[in-house]
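Chain by chain, the residues run as shown.
There are 2 protein chains.
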Amino acid sequence: SPLSRTVRCTCIKISDGTVNRQSLEKLEIFPASQYCPKVEIIATLKKNGEKRCLNPESKAIKNLLKAIRKDRSKPSS
Amino acid sequence: SPLSRTVRCTCIKISDGTVNRQSLEKLEIFPASQYCPKVEIIATLKKNGEKRCLNPESKAIKNLLKAIRKDRSKPSS
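Residue numbers (this note's numbering), protein chains in the order written: chain A, 1 to 77; chain B, 1 to 77.
If we strip away everything but chain A, and leave its shape as in the complex, we get:
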């Protein structure tokens, strides 16, 4: 089709670093799709609801995901 498809990714700037697990409200992971050809990982921070795009290929992010996944209940505050 001659119509160009709208490709829309959410992340404009990808953060080089990671985020502190304790300051993290949630992580959203959007798989690559017809709307955006690359996976996007978006962190929402507790403090101000700030959203930050993380690098899916970063080893620090890989480790962050692993740490979160393995977190069991532990005494909080």
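A portion of the hints provided could be inaccurate.
As the list claims (entries may be wrong) - Mimicking EDC-like on lysine to aspartate or glutamate, the simulated pairs with C-alpha atoms at most 16 Å apart in a straight line are:
#1 Lys38(A) x Glu25(B)
#2 Lys70(A) x Glu25(B)
#3 Lys26(A) x Asp71(A)
#4 Lys66(A) x Glu57(B)
#5 Lys59(A) x Asp16(A)
#6 Lys26(A) x Glu40(A)
#7 Lys13(A) x Glu57(A)
#8 Lys51(A) x Glu28(B)
#9 Lys38(B) x Glu57(B)
#10 Lys46(B) x Glu28(A)
#11 Lys38(A) x Glu28(A)
#12 Lys62(B) x Asp71(A)
#13 Lys46(A) x Glu28(B)
#14 Lys38(A) x Glu57(B)
#15 Lys26(B) x Glu28(A)
#16 Lys62(A) x Asp71(B)
#17 Lys38(B) x Glu25(A)
#18 Lys66(B) x Asp16(A)
#19 Lys70(A) x Glu50(B)
#20 Lys62(B) x Glu28(B)
#21 Lys26(A) x Asp16(B)
#22 Lys38(B) x Glu40(A)
#23 Lys26(A) x Glu40(B)
#24 Lys26(B) x Glu40(A)
#25 Lys62(B) x Glu40(B)
#26 Lys66(B) x Glu28(A)
#27 Lys59(B) x Asp71(A)
#28 Lys38(A) x Glu25(A)
#29 Lys66(B) x Glu40(A)
#30 Lys66(A) x Glu40(B)
#31 Lys66(A) x Glu50(B)
#32 Lys70(B) x Glu40(A)
#33 Lys51(B) x Glu28(A)
#34 Lys59(A) x Asp71(B)
#35 Lys70(B) x Glu57(A)
#36 Lys26(B) x Glu50(B)
For the record, the hints were derived by calculation from the structure and aren't laboratory data. In this text the structure is predicted, and so the values were computed from the model without any measurement.
With chain A held as given, fit chain B onto it using these hints.
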């Protein structure tokens, strides 16, 4: 304080299985917090926006996360 704290997790029922990467709109990961003592992973499906809670300790979910993270752009549809 005598007031009991409201502990509120999102997931009531955890799915035993996994979800097809292609049918996945997004994954949300909520780290353990004072509101919910365990990590929660919630899949949103493309088709109907259905949300499904996944088991963070499942090997299938670990592999799903890995597969999504490693997904590069590839021809879609």
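Hints not upheld, ascending by number: 2, 14, 18, 19, 21, 22, 28 and 31
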